Amino acid sequence: MVIVLILLGIVLCGLVAGLVVRPRVRAAQDAFAEGVQALAARTGWRPDDSPVPPLQATFVTLNDVLGSGNHHGIAVNLQLGGNCRGAPVRVLQLRYRTEHLSTTRAATMILVPRPVPGPSLTVRAQNAAAHLPPDVAQRLTTQTLFFTAEHLAAVFPGEMTQQDLTIATADLLADLSEHVR
0 MVIVLILLGI
10 VLCGLVAGLV
20 VRPRVRAAQD
30 AFAEGVQALA
40 ARTGWRPDDS
50 PVPPLQATFV
60 TLNDVLGSGN
70 HHGIAVNLQL
80 GGNCRGAPVR
90 VLQLRYRTEH
100 LSTTRAATMI
110 LVPRPVPGPS
120 LTVRAQNAAA
130 HLPPDVAQRL
140 TTQTLFFTAE
150 HLAAVFPGEM
160 TQQDLTIATA
170 DLLADLSEHV
180 R
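Residues 0 to 180 in numbering that gives the first Met the number 0 are what the sequence shown spells out, letter by letter.
Hints listed in this document are in silico derivations from the structure and should not be mistaken for laboratory results. Check before you lean on any hint, since a few could be wrong.
Pairwise CB distance ranges (calculated) [to be verified]: (1) R45 - A167: 15 to 25 Å; (2) P132 - A105: 28 to 38 Å; (3) A129 - R25: 23 to 33 Å.
These numbers were taken from a predicted model, which means no experiment stands behind them. Glycine included, C-beta positions come from ideal geometry on N, C-alpha and C.
Assemble the whole structure, with the sequences as input and the hints as a guide.
Take a look at the structure:
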């Protein structure tokens, strides 16, 4: 009888916890959806389902930049596509886990095609002055840039709903695309 009461107590605690947490999760999901809709309305970008390059193979330092272990994986939960000043842009909402945390984190990655092939390079904001023109280097804040043979990309922590940062980063990559010719 005691075991049945304990099991019933556990089930009731789980039910109560679910009822308390569920509205917060739903509110966060609704806020994210509204933020994505606002970003799409402001930029004209639309949901895109074109294939994404294999992130960890294409951007080999991505795990280090995000602090994610390779065995946890990086998932793309949403992708928007469009143009920024004539450059084709894809914005990816990434979800990943870090080595030491069991929580899921978010990052935003923006991709533009590299106009001409070139060497791979990862440029973090703190060493941007050594690798980029001064007018471009000063625009980096929390972003890390990736130059691969086929892509120019930037990643920064947080969701794509950070409209000003997302748009500024897309603009930065459009500028880089013009400089890399």
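ask   = Where does the structure disagree with the numbered hints, that is, which hint numbers, in rising order?
value = 3
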